[in-house]
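Residue numbers (my numbering), protein chains in the order written: chain A, 25 to 281; chain B, 260 to 466; chain C, 17 to 259.
Don't read these hints as lab results, they were simulated from the structure. Where hints are given, some of them may not hold.
[Stated by the list, open to error] Think about it this way: if two alpha-carbon atoms lie no more than 20 Å apart in a straight line, the pair counts; the simulated EDC-like pairs of lysine to aspartate or glutamate are:
no. : chain 1 : residue 1 : chain 2 : residue 2
1   : B       : Lys-384   : C       : Glu-226
2   : C       : Lys-86    : C       : Asp-28
3   : B       : Lys-439   : A       : Asp-78
4   : A       : Lys-49    : B       : Glu-458
5   : C       : Lys-171   : B       : Glu-458
6   : C       : Lys-30    : C       : Glu-254
7   : B       : Lys-286   : B       : Glu-300
8   : C       : Lys-101   : A       : Asp-78
[Said to hold, decoys possible] If you want the footprint, here are the derived chain A segments under chain C, 3+ residues with CB under 8 Å:
no. : segment
9   : 158–167
10  : 172–182
Each residue gets a CB set at the ideal place from its N, CA and C atoms; glycine is no exception.
For reference, the chains in residue letters:
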Amino acid sequence: MVEVMDEIKKSYVKLLLNNGERADKRGFFDYRTIESNKGAIQTSDGSAWVKIGDTQVIASVKFDVVTPFSDRPEEGVLSTSAELLPMASPTFEPGPPSEEAIELARVVDRAIRSAEIIDMKGLFIEPEKVYGIYIDLYVLDYDGNYMDAASLAAMAALRNAKVPAYRDGTLVRDGTEKPLELKGDALEFTFVKIGGHILLDPSLDEEHSADARLTIGICGDKICSMQKNGRGALKRYEVEKMVDVSLQKYNEMKKHL
Amino acid sequence: MRRIVFPGELLSDKRITSRGIYVENGKSYAALIGFYDDEKEVFIPLEGAYEPNVGDLLIGIVSDVKPNGYVIEVGLPSDTFMSARDFREPLGMGEIIVAKVKSVSETRSISLADPAVLKGGNIIKISSVKIPRVIGKKGSMLSQIKDATKSKIIVGKNGWIWIKGGNEYLATKAILKIEKEAHTSGLTDKIGEFLKNNENGDEHVGQ
Amino acid sequence: MSGNENIKLIVDGKRLDGRELDEMRPLKITAGLLNKADGSALVEWGGNKILAAVYGPVECFPRHESNPYKAKLSCRYLMSPFASKDEHGRAGPNRRSIELSMVLGKALENVVMLEKYPRAMIEVFIEVLQASGGTRCASLVAASVALANAGIPMKDLPVAVAAGKIDGKVCLDCSKDEDNFGQADVPIALAPRNNDILLLQMDGLMTKDEFFKALDYIEKSAPEIHRLEVEALRKAYEETDAQ
């Protein structure tokens, strides 16, 4: 049933785009209003509650003492999970993470990991003990493009994170925590292609109408991740345009960190 | 004087029959958030799902095509069915119709009659309890939106509104504004002003 | 309920956070903060932060559970992995959250007029973002406001708060630390219109007198919780009024 409504929205979205318009009158490379509230969760070591339009995502960063991977015994462990909460949309079902939730977690994780902004070696404690960084992404309200909201929230939560000291076998949260050192900011920019038009920050109706989607991770002046989704194909010049816009938008997005 | 009331609030020591009111031991209490007028004994809900009544005009979409007719979705928990005989021409998936509620069963399933097919256009969904405000007194609100936007608009009691042509963006914005501010007074004037200020304006949103 | 003798939780008749025995922690409720859900509420209570959202009436799922006489109320309470100051928890349901989901759902079923929507389903989703003692009562308050915000017909706006026993004294609305070292915990939900008891659990050791003193404290605080619920709902409309 949802699919049928999507078809109506799809023809409406296409009709508007052919007149050079989006339903909310935004420019094709404009974001909706962005808000970011750092430190929204006090039980986390770092957190942020981000809104892009009506889409809302919470990111939490929490540290734990974990055993390192055997092939990287002197490096910390980064672990990212995402939940598409059933409260966020009538189409999200309760239960174990869907493939979309797993994709979201992996795409956000990949940008942060590839950008090498966290000094993983600096998270070594002692043999067999390293810091684990858990990033949890909670999509609370879904009106399209949870990817960029989650990426911004994750980065803002990392910027907000304080590392608890390791003392006598446990982590101590007593005010002696130190800010997590970061060597840059990895942020993601999501585009959709609808009938030859390229749009940044798709709304839900636009996502449903999309032939293809591309998420581009940027760190400084470099690309740090990419993820194409959707059945449609992209042309080389379209990808180039999307990369250019992402690089342009990067500094603007950083202001929300 | 009308006052805003909340579920469980005592409205009257008498028995009042109305949507959003329940009676216990002869007294009437609110079951929904809404406005209650003590003198007129009228309750207007501010929130609530669509409750079908015979004669209601609804907007629906064809969500499945069967050998002998169509499954029509109208936003109720269960879909309804219309025979192919009710239509002059065969319908396809996703076609938009407007039809009247012919009957409502004990378990709240409905049957529809007198359908007309609406070609093209867009559907917006608002809370059904706000529909009376979108229509306005004697249709005044709706006609001022139609006049200002030159859009074709058909309002379904189920909260689904079909819009086609003209300044669809402005018509949609105006209707969503009515939904948001349905509980405020002087709404017809406010919307009139809103339509006037935005008629030609391309207000820029986003960043 | 370890009942640790070495930690003093009440000094000079006051609790460690300065509260009187029958004093609640500060409670803040925000209604309607989510857009996609039909109704929502955020409850910030002491160190708790709990989000509830409601969808409905919708088609019943699974279909064989649809009832021709009334709607099914499905309630899901979940704790986030970052809800505690301590280590990162596990996502997803566990035995505790499954039990609490059921107990909360049954309490809400008493006031929700399910017979209005035969064969349909009303879904209540509760996410504990931060936990600091008394999450089930805070969850019930959040669900209650979210249901009203969703326009689901209800006979009352239920309220809930726990009382406990610490250092041998009955106390209202125990914090997490008090809970950990206390001797008993009694979470109760009431319908404020008639003080009907909708949820009642008890854990620990209490005399009959202590139990009813706990109930006295809870009944005494119910009107204030109810007032804050109503104010949150009222504010959700006033804010749009001002725009």
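Okay, the hints, checked on the actual structure:
Between Lys-384/B and Glu-226/C the alpha-carbon distance is near 53 Å, which puts this suggested pair outside the 20 Å criterion. In summary, the hint linking Lys-86/C to Asp-28/C is not supported, as the alpha carbons are separated by about 53 Å, beyond the 20 Å threshold. Annotation: proposed proximity of Lys-439/B to Asp-78/A holds, straight-line Cα distance about 15 Å (limit 20 Å). Of the supplied pair hints, the one linking Lys-49/A and Glu-458/B holds, its CA atoms being roughly 14 Å apart against a limit of 20 Å.
Between the alpha carbons of Lys-171/C and Glu-458/B the distance comes to roughly 45 Å, so the proposed pair goes past 20 Å and is violated. Between Lys-30/C and Glu-254/C, the direct Cα distance comes to roughly 38 Å. Violation of the 20 Å bound is thereby established for this hinted pair. Taken as a hint, the Lys-286/B and Glu-300/B pair is honoured in the structure, with Cα atoms around 13 Å apart against an allowance of 20 Å. A threshold of 20 Å between alpha carbons decides the hint, and for Lys-101/C with Asp-78/A the separation of about 29 Å lies outside it, so the pair is violated.
Three residues within the 8 Å Cβ limit are the bar, and the segment 158–167 of chain A against chain C gives 7, so the coverage statement holds. A stretch counts as covered by a chain when three or more of its residues have a beta carbon under 8 Å from one of that chain; for the segment 172–182 of chain A and chain C the count is 0, and the coverage is violated.
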